[in-house]
Amino acid sequence: MTGASGLGDIVDLYTGFDVTATARFGNGGQVSGGVSFGRERTDFCSIASAAQIGTNTDTSAGKIYLANYTGNNINNTGRTATAFPSSLYCAVTPPYKGDWKALVSYPLPWGLNASATWQNRVGPQILASRTVASLPNTLGRTPTLASLTAALIEPGTEYSDRLNQVDARIAKIFKVGARSRIQGTVSAFNLFNGNAPTSLNLTYGPSWLLPNKIMQARFVKFGVQIDY
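Sequential numbering of the sequence shown, starting at 1, is according to my numbering.
Simulated from the structure, these hints should not be mistaken for laboratory data. Heads up, a few of these hints could be off.
Said to hold, decoys possible - No more than 25 Å apart at the CA atoms, straight line, and that leaves these computed lysine-lysine pairs for BS3-like: (1) LYS221 <-> LYS172; (2) LYS221 <-> LYS101; (3) LYS213 <-> LYS101; (4) LYS175 <-> LYS213; (5) LYS97 <-> LYS213.
Keep in mind that this is a model prediction, so the values were computed, not measured.
Work the whole structure out from these sequences, hints included.
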């Protein structure tokens, strides 16, 4: 029997930093912006190296033996483990990626106020997974699982197009009496109608990398706010 302390550890560590700046200029205008950099590092290689497939000496199907020894503990006449951690891409350290954002607001004549936001975000990861069903032909024996899913691209190495979006808004306040006011707004989202994908089909095949979802199309919204 091996204690948990002898089986290594799992590392899941996020490291990041934010930088922001704000400036004001004449007539009440304001501009601000910043960037957020970060990455998530994962490592379960010590667990994967300690996991060994069990033999038919234990009839509990699906059991995985964990032992501090080297070797392939497989009995070809009866394998009881259904799966064990893979050492392929067990340690992933992606590069730092930044999300950029900015905001500007400025008062206009006739009581109007204009504002706009800009954001440039990291696109979705490009991955590829393939389900291998012809394992008996490859291995020369019948495994416990009918098929296995293999990763074809190392995580954290390839990314799709970045998401670039500009939103704009114009507002005007109408005073009603001494204490009440009405504010009307016109807002345009995704002003330049960007269509970068936000989700991709990552299963390798004819539909690989086809978008599951793209950025929401440009639309305009009208709003009214009453204060009294």
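* Asked: Given the proposed pairing of LYS213 with LYS101, does the C-alpha separation stay at or below 25 Å?
  -> holds, 22 Å
* For the pair we were handed, LYS221 and LYS172, check the Cα-Cα distance against 25 Å. => holds, 15 Å
* To do: Take the C-alpha atoms of LYS221 and LYS101, compute the straight-line distance between them, and say whether it is at most 25 Å.
  => holds, 22 Å
* Are the Cα positions of LYS97 and LYS213 separated by 25 Å at most? -> holds, 21 Å
* To do: Assess, step by step, whether the Cα of LYS175 is no farther than 25 Å from the Cα of LYS213, and give holds or violated.
  => The given pair, whose Cα atoms are some 43 Å apart, is violated under the 25 Å limit.
In this structure, the one hint that does not hold is number 4.
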